[in-house]
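Asks: So you can see what is in the structure, the chains are spelled out below.
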Amino acid sequence: MSDADGTLFAQVRDPANRPDPYPLYARLRAHPVARQDDGTVVASGYAAIRALLHDPRVSSEDLPPAEHPPTGNPVKDWIVNPLKDRIADRHRPFIFRDPPDHGALRRQVMAQFTVARVRGMKQRTEALVAECLERCAQNRTFDLVEDLAYPLPVTVICELLGVPREDEARFHAWATQLATALEPESRKDETLRACNTETFDAIADYMRDLIREKRRAPADDMLSGLATAKDPEAGRMSDPDLIATAILLLIAGHETTVNLITNGMLTLLRHPDEFARLRADPERAPRVIEELLRYEPPVHYRTRLARAPIPFAGTVIPEGAPLVLLFAAGNRDPARFPHPDRFDPDRADNQHFGFGGALHYCVGAPLARIEAEAALTALAARLRAPRLAEDPPPYRDGSSLRGPKRLRLIIDAIA
Amino acid sequence: MRVVVDLNRCQAYAQCCYAAPERFVLRGDEMLVYDPAPPEAERAAIDRAVLACPVRAIRVEPAAAEGTA
Amino acid sequence: MRDGTIVVAGASLAGLRGAEALRAGGFSGRLVLVGDEPHLPYDRPPLSKHVLTGEIAPERTTLPGVGTLAAEWRLGTPAVGLDRAGRVLLLAGGERLPFDRLLIATGARARPWPEPAAAALAGVHTLRSRDDAAALAAALAARPERVLILGAGFLGCEAASSIRALGLPVTVVDPAPSPLAGALGQVIGGFVAGRMEGAGIDLRTGTEVTRLEGEDGRVRRARLADGGTIPADLVVVALGAVRNTDWLAGSGLDADEGGLSCDRACRALDEAGRPDDAIFAAGDVARFPHPLDGDRPVALEHWGNAVAQAAHAARAMLAGPEAAGPYAEVPAFWSNQFGLTIKSLGLTEGADAVAIVQGDPRSARFLAAYGREGRTVAAVSINAGRWLPAYEGAIREGAPFPPITGGADQPRPKPVPPGLPAPQPA
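Protein chains in written order, with our numbering: chain A, 1 to 415; chain B, 416 to 484; chain C, 485 to 910.
Calculated directly from the structure, the hints in this document are not laboratory data.
Note that the structure is predicted; figures quoted are calculated from it, not measured.
Cβ atoms here follow ideal geometry from the backbone N, Cα and C, with glycine treated the same way.
Treat the hints with care, since some could be wrong.
[Said to hold, decoys possible] Partner residues are not named here, just some residues of chain A that face chain C (Cβ under 7 Å, in silico): (1) ARG57; (2) ALA276; (3) HIS339.
[To be verified] Computed footprint of chain B on chain C; a stretch qualifies when at least three of its residues, placed anywhere within it, have a C-beta under 8 Å from a C-beta of chain B: (4) 524-533; (5) 685-698; (6) 807-821.
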């Protein structure tokens, strides 16, 4: 764990490496669990990630600052739950919670994220994709991010939650603003930080009112369900937990799906044979999407914290060490996947980390699959001779939620 | 079609239940109940369940293969 | 080996998966599967669960893989003898099947009620085969007044859960102090006992049935060792299994009702302990030295073992024992009962300590680790399957017990004796 290049993860975060971080991941994998110069421990091998994902000593919570004062470590100080300073510890969203609290909150969310409700969004999602494409119908060039991949998930999650349609525009603005809070480098910028804080407070105020309204007149939506349902064990979810959960669902559902769709289209246009095959046979979409989740996942890594010393492969991850589970590197581990750098939707045994794993496996995975399928099959079917205006496209700053800032496509027509 | 799920591998992620809700149901916390002989007409949904399973626990044999035995 | 003839004795899960692994491994010769039942290989786990509740028809349990396997089938014709010198398998009806390699996967059968006349009474059932399950499901559909289950092992408990779910009165009798005591110990078994009683099961532990009594050829009641009587018009005998090795009598192989001995490459051993290079064993019937338990011979009745060991035997048959290496799969199984999913990794047998290392039994979501002489030997999750993979490494390596401390919701586990039966002397 010691003789690796301790600056590799810093290089991963360097925006210059955003278009192609995979060579860095390959170098990291030479030491599947590698300690970086700043004390961060990076797991990049498939087996190591899998083991740590399931390990109860690997915490999704940040320890109280009194026990672990800020170290100047960028992962710990900038990435670990940037929203949490606005939320009391006990009301952090469940993505940043450990058992037993995590289980109770997640169970309550899953009770509302029902099969019927999620599948009920399929047709609506397809209609929304069609609307986005209609709006661009006269264009010969458009930006997939702004014109489709960004607005689609916000609308879907708003409808699923039960945000009134007239408020959706506000949500789009808030979501865009809060997305920057997830960018580690933005944490340096005090102006941006203050702006995020304001945004967060605005959403929280809005949600508080909306929840009150849902309690008064419940409708068939997730927020009404969350606001009125009573878990047999945990009881009714508290307002702060509800607000934290709703904001989590809004941001998580949106910042990730945009990447799945844009990375997906980018990858397909780099593999024109696969694009043509998808156009000819839309039933290939599930395979294509699973391979995208491996090959170009929307979330490249998640951070954790070692609650206790963790012996691992002959060394010990020290207590208090910030941990990075580098999913995108595990997804390209040749020890797990033959020809890992090949985009191959027909790959057998594609057990990827595209939605993470273990307790925190992405709640929204089924919805993400529906949205990505609706978008990619419609793009394949309707765009005539699409090509990339620039390759590589410009990327957003984020190295974890990694994806193009814009993806300009040139087309002959939209059918 | 014939279906079997390796319930040693299954960790109740429930992705199959979203993909093919008529054939896979989660009861309680993590008890998966599934139809081991779904109709061929649901092939696409079952294939989705196979692909979406995060632990690759679902195995399927399409009806076309049943003829020989 | 790529050509020639391979015969698989046993056409259930291990036989099927072994045959598939042979084909996947490049075997292109003649492949024959011999089964005593008339059915194609089917999946057993549903038989004690949704087949009994009527949710899944018994004939829907045929396993995937049977249709694509290029093989000859001899179904409904049990193997009755083995001519080792002549390399010939003898079938009922007189057919002689010559082989270059033989895979023995004849599995096990239900241990019957020891008194044959009582075992033959109408209403007395065992539960092992698909036909057993069909017969029991039909009997349950006739709404018996009280169902008595003899034995509170996994099968007895699963059957009790399914039958209770039909709204029928159920009594379970087992001489051990708790259900599942032999497999999980009384600590975890005691937790399951609470669930059983909560579900309305009349649980009688620490006593046993000494006699089954009938009237007009039909079972009516059971007499208990402690003098009591339980009226019952349907009895499920769930007293464990007997390995199907009788047909090997006289073959010179080391086989008895506890299994057919084999080595780590799955080669069958003769009575002198020498491996036979042409004869292999896998699944419930195979008794093999387990590296996780000091190479003590064990025979595992696990779905996962049938699959993995059959694949291992196939590798050894085709590429040789050295190339296949020693079989060392970490034993794993699951059970569904009373709203619980119980999953296990490792071997609990002989454990001298158990500790709740994650979660809390009061929430019915927890994980228990088992230790033996200070080493981690097994882990069992209750409605907490996503926690279990964290323990596989510790079990494989025999890590110090308890294997994980400082976890999120159980920072300081407190080990206690697990209440398992005393280890058998070696």
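Asks: Does each hint fit the structure? Answer for all of them.
Replies: Results of checking the hints against the structure:
1. Nearest Cβ of chain C to the Cβ of ARG57(A): about 5 Å, under the 7 Å cut. The hint holds.
2. Taking 7 Å as the C-beta cut-off, the interface hint given for ALA276(A) is violated, the closest approach to chain C being about 30 Å.
3. Interface hint status for HIS339(A): violated, as the beta-carbon distance to the closest one in chain C is roughly 20 Å, over 7 Å.
4. For the segment 524-533 of chain C, the proposed coverage by chain B is satisfied: 4 residues have a C-beta within less than 8 Å of a C-beta in that chain, meeting the threshold of three.
5. Given as covered by chain B, the segment 685-698 of chain C fails the check, having 0 residues with a CB less than 8 Å from a CB of that chain where 3 are the minimum.
6. Counting residues of the segment 807-821 of chain C whose beta-carbon sits less than 8 Å from any beta-carbon of chain B gives 4, enough to reach three: the coverage restraint holds.
Checked against the numbered hints above, the structure violates hints 2, 3 and 5; every other hint is satisfied.
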